[in-house]
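Work out the full structure, taking the sequences as your base and the hints as a guide.
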Amino acid sequence: MITNRITSSEKQLTKEDFISDQMVKWCPGCGAHAILKAVENVFPEIGYKKENFMFVSGIGCSSRFPYYVDTYGIHGIHGRAAAIATGVKLSNPGLSVWIATGDGDSMAIGGNHFIHIIRRNLDVNIILFNNQIYGLTKGQYSPTTPIGSITKTSPHGTVEHPFVTAGLVMGAQGTFFARVIDTNIKMMTEVMFEAAKHDGTSVIEILQNCIIFADKTHADITDKEIRDDHQLHLKHGEPMLYGKNKEKGIQLKGTKLQGVVVGLNGVEMEDILIHDQYEKNPGFHRMLGKMGPPDLPVALGVIRSAEFSTYDDMVEVQIESAREQSNIKCADDLLNSGETFEIK
Amino acid sequence: MNKQAPIKEKESVVIKFVGDSGDGMQLAGTLFSDTSAVLGNDLFTFPDYPAEIRAPHNTLAGVSGFQVQIGSEKIFSSGDLCDVLVVMNPASLKTNIKWVRPGGTIIIDGDSFNEKALGKSGYQTNPLTDGSLDVYKVIQAPITTVTRDSLADMNISARAADRSRNMFALGIVTFLFSQGLETTYKFLESKFADKPDILEINKVVLTAGHNFADTIEAVDSAFKVPEAKLKKGRYRNISGNVATAWGLIAAAERSGRPLFLGSYPITPATEILMEITKNKNLGIKVFQAEDEIAGICSAIGASYTGSLAVTTTSGPGLSLKSEAIGLAVITELPLVIVNVQRAGPSTGMPTKSEQSDLLQALWGRNGECPVIVMAASTPASCFYFAYEAAKISIEHMTPVILLTDGYLGNGSELFRIPRVSDLPEIIPPLAKANDENYKPYKRDPETLVRQWALPGTEGLRHRVGGLEKTDIHGVVSTDPLNHQMMVQIREAKVKKVADRIPLQKIEGENSGDLLVVSWGGTEGSIRTAIREMQKKGKKIGHAHFNHIMPLPKNTIEILSSYRKVVVCELNNGQFAKYLRSEIPEIKYLQYNKIQGLPFFTGELIEIFNQLIENQQS
Ligand code: SF4
Chain U
10 MITNRITSSE KQLTKEDFIS DQMVKWCPGC GAHAILKAVE NVFPEIGYKK
60 ENFMFVSGIG CSSRFPYYVD TYGIHGIHGR AAAIATGVKL SNPGLSVWIA
110 TGDGDSMAIG GNHFIHIIRR NLDVNIILFN NQIYGLTKGQ YSPTTPIGSI
160 TKTSPHGTVE HPFVTAGLVM GAQGTFFARV IDTNIKMMTE VMFEAAKHDG
210 TSVIEILQNC IIFADKTHAD ITDKEIRDDH QLHLKHGEPM LYGKNKEKGI
260 QLKGTKLQGV VVGLNGVEME DILIHDQYEK NPGFHRMLGK MGPPDLPVAL
310 GVIRSAEFST YDDMVEVQIE SAREQSNIKC ADDLLNSGET FEIK
Chain D
3 MNKQAPIKEK ESVVIKFVGD SGDGMQLAGT LFSDTSAVLG NDLFTFPDYP
53 AEIRAPHNTL AGVSGFQVQI GSEKIFSSGD LCDVLVVMNP ASLKTNIKWV
103 RPGGTIIIDG DSFNEKALGK SGYQTNPLTD GSLDVYKVIQ APITTVTRDS
153 LADMNISARA ADRSRNMFAL GIVTFLFSQG LETTYKFLES KFADKPDILE
203 INKVVLTAGH NFADTIEAVD SAFKVPEAKL KKGRYRNISG NVATAWGLIA
253 AAERSGRPLF LGSYPITPAT EILMEITKNK NLGIKVFQAE DEIAGICSAI
303 GASYTGSLAV TTTSGPGLSL KSEAIGLAVI TELPLVIVNV QRAGPSTGMP
353 TKSEQSDLLQ ALWGRNGECP VIVMAASTPA SCFYFAYEAA KISIEHMTPV
403 ILLTDGYLGN GSELFRIPRV SDLPEIIPPL AKANDENYKP YKRDPETLVR
453 QWALPGTEGL RHRVGGLEKT DIHGVVSTDP LNHQMMVQIR EAKVKKVADR
503 IPLQKIEGEN SGDLLVVSWG GTEGSIRTAI REMQKKGKKI GHAHFNHIMP
553 LPKNTIEILS SYRKVVVCEL NNGQFAKYLR SEIPEIKYLQ YNKIQGLPFF
603 TGELIEIFNQ LIENQQS
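Protein chains in written order, with this note's numbering: chain U, 10 to 353; chain D, 3 to 619.
The set of hints was computed from the structure by calculation and includes no laboratory data.
It cannot be assumed that every hint is accurate.
Partial selection, computed: residues in chain D whose CB lies under 10 Å from chain U [as the list claims (entries may be wrong)]:
no. : residue
1   : Ala-230
2   : Lys-231
3   : Arg-418
4   : Val-478
5   : Thr-480
30 Å max Cα-Cα, derived DSS-like pairs, lysine-lysine [what the hints assert, rightly or not]:
no. : chain 1 : residue 1 : chain 2 : residue 2
6   : U       : Lys-59    : D       : Lys-444
7   : D       : Lys-537   : D       : Lys-10
8   : D       : Lys-188   : U       : Lys-353
9   : U       : Lys-353   : D       : Lys-282
10  : U       : Lys-338   : D       : Lys-441
11  : U       : Lys-206   : D       : Lys-282
12  : D       : Lys-118   : U       : Lys-338
13  : U       : Lys-24    : D       : Lys-188
14  : U       : Lys-338   : D       : Lys-193
15  : U       : Lys-353   : D       : Lys-233
We put the CB at the ideal spot given by N, CA and C, even for glycine.
As structure tokens, this is what we get:
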């Protein structure tokens with residue numbers, strides 16, 4: 010259970026408390042189903058009153074999410090979930106605000122709001138379904154589609170350099186970034202709990218499979234044969250080890266990260282980096298966020314969770330101090346302030 | 003040589019201060035207005051400044067002005083032609099001479115009319131000597147030199163001294179209007195309370211200007227505008243933008259809903275954002291967003307969460323907000339959108355006023371997307387219309403677009419300060435916790451208003467969104483008949499607001515030769531023209547609209563009672579188009595002006611007389 014200014018539930022809630030009466034309309038086999046399961050798992054664990062959860066979304070397959078969880082919710086317009094959520098959280102800081110968004114919704118049409126909500130560090134949790142494609146409009150390339158991909162709007166292959174979500178988030182001064190795969194419900198649940206605990210904008214990038222329009226787009230990370238070598242599961246305070254028998258690790262060589270084998274070429278356990286998700290300096294977190302095949306595994310789990318003041322807290326503090334300092338206590342005082350004069 | 007100038011009493015006087023952008027004309031104008039107000043005059047001001055912050059020195063582009071009309075009767079506008087023009091450089095004379103009444107007084111800093119400055123403003127010959135100003139009364143003073151001289155003891159640079167030339171000019175004007183210096187001193191003292199050096203400089207120069215005018219023979223007569231007979235009460239001078247901000251603040255307090263403003267800076271609406279931000283001490287949440295869209299979307303989020311949510315903007319910003327307004331319409335959430343109109347299209351003329359966003363406010367969205375549209379009339383009325391916009395929006399769970407304009411927003415007039423408890427009650431239709439009968443789109447059968455269920459409240463969890471929903475239950479639906487019904491319900495809900503707004507009034511007889519129809523920020527200039535004509539016995543009436551969507555219920559009766567109807571607007575005929583579609587039975591004549599300027603009383607009287615005399619049209 011998380012304790013902070015959001016009121017907790019008096020009784021232990023269960024998953025059933027959050028299941029909505031709406032029919033879930035994602036395609037069978039879509040990665041989004043697992044994300045919904047993870048949310049239903051984690052909300053009772055977080056322990057807030059069920060009326061204090063709120064979902065906000067934009068447009069796209071991901072953004073149908075609010076209809077499928079029984080919380081307060083707004084299904085907004087394309088790209089604007091972050092902006093809508095900003096009003097929600099500022100207006101009532103006692104709500105636990107969750108944004109469901111996709112790669113197109115947050116990084117193409119909503120790119121501006123995405124970077125600014127992160128920069129301000131508003132205390133909300135963003136679940137970013139990254140399937141590297143526009144699903145709801147049936148298969149056009151998105152800002153995270155790998156260069157060269159053939160899609161409905163790139164029959165000759167895309168000629169755009171994609172965003173690496175982690176790089177964008179941390180470039181925008183993100184304080185929390187985690188990455189998970191849609192098939193790993195346990196890790197998703199853990200990471201969502203961490204995100205809820207974090208004060209500030211938490212971005213959870215979920216590598217989601219769109220079975221219809223970009224099936225296996227994350228295969229070079231998720232395939233059974235290669236996944237042990239291509240996934241690094243980060244844990245705070247633990248060495249960054251990966252590989253089938255955790256025989257490989259990440260080492261800093263000069264200014265670069267390198268994948269090494271412990272015990273080979275004189276590499277010892279002490280040489281392997283220890284993960285510190287709370288480090289304020291984003292340098293290492295950025296490097297971890299950018300790692301990927303073929304040379305390095307993809308970092309999964311909480312990459313960054315650094316403590317900085319949040320926008321909503323600062324707004325509240327400013328209002329309180331303005332209240333204390335001003336003699337203007339109500340609208341009548343305001344109307345009569347400054348230069349006024351009486352006509353008799 | 004202390005010669006007492008004879009004093010002429012006048013009912014009203016228009017005065018304009020013009021100079022280079024850095025010459026402090028806004029300050030001089032504001033001080034003169036505030037002083038006149040305290041001395042009992044009614045007034046109406048309008049600052050006229052360039053879009054550039056500092057255009058090149060002494061050029062026509064850099065001319066900044068401040069116009070004020072003061073009077074001993076109710077003043078409705080900042081006036082047409084100036085009785086007094088204060089000119090700080092040749093460029094300001096060049097751009098403003100056309101606004102001076104023949105025989106009017108022009109106070110000029112003669113020192114500034116040097117060859118270089120004349121050249122920059124495009125004068126071939128010096129107007130001070132070539133006879134072109136013969137029809138005016140020119141008071142030429144070496145303002146720059148005397149200002150520097152008066153500060154000789156204070157050991158400051160010529161540059162610093164020149165910055166207070168505006169006070170010298172103001173000193174001359176206060177003398178010309180038989181105003182003592184005490185009131186102006188007081189304003190200076192409160193303005194420069196933390197800058198004693200600047201205060202001293204300003205006072206010395208102001209006094210020097212006043213004494214100079216008292217001494218020279220050029221001032222052969224002074225004016226006096228007697229006190230206006232205003233209704234008893236406490237007053238202040240207020241601009242339309244500040245009045246809008248305060249109206250919203252008052253509405254928040256009265257409705258018990260916290261105020262949330264999501265906005266992005268844009269001329270000429272920014273001042274509302276600045277004014278509301280100043281008042282965080284009242285618990286107001288202000289979000290300066292990353293763009294116009296985020297401004298309105300944050301407001302929609304705040305509205306769902308229970309705030310009196312507002313977004314403020316000007317024309318181009320309203321275009322950007324269109325899609326989000328649709329979201330507020332379909333989710334049936336309260337939201338006040340203030341559009342301080344400016345001349346368009348596109349960036350247009352940002353600092354010039356126009357009424358050309360009316361059709362955008364009414365129809366500028368995808369789908370069948372009705373909103374309530376209202377317009378304020380005068381700077382002080384912005385307070386009441388902002389208040390009413392908030393009241394209607396909350397009580398009817400529908401977005402309201404409030405149109406003001408740059409002329410109202412930046413202009414100011416006297417405002418009789420009301421008591422907030424005397425303003426009409428605002429009752430938010432809040433849903434009760436654990437109400438088992440709560441349904442997101444269940445409606446009050448009479449008003450069709452749904453309830454406002456705030457996140458955090460027990461037992462009311464529900465979702466809203468941009469997808470069409472079933473009535474009552476609010477479930478996503480593409481059912482054909484449901485969609486038609488929902489479109490009609492949203493339309494009917496807005497139309498039903500007509501039951502709650504005041505009936506349209508007519509100024510003048512209830513029937514006659516000519517009915518002048520107008521809306522929004524033109525009320526003052528048109529009213530002045532109508533009053534003058536009525537005094538001369540013309541059978542002319544004036545219907546000035548503030549409620550546009552829906553129109554007041556008696557609109558058709560009013561329009562049918564006159565032989566001719568002319569719709570006057572500062573656009574190409576948008577309200578006329580709207581009236582033709584709503585009330586096609588009437589023949590509408592039009593008078594349109596699209597120059598970024600207000601109507602002038604003189605031009606209106608001429609047009610109205612022609613319309614009355616010409617039997618054919
Ligand atoms: S189109 Fe793709 S992302 Fe959308 S629901 Fe189907 S599988 Fe999921």
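Hint numbers the structure violates, sorted upward? Structure breaks hints 5, 9, 10, 12 and 13.
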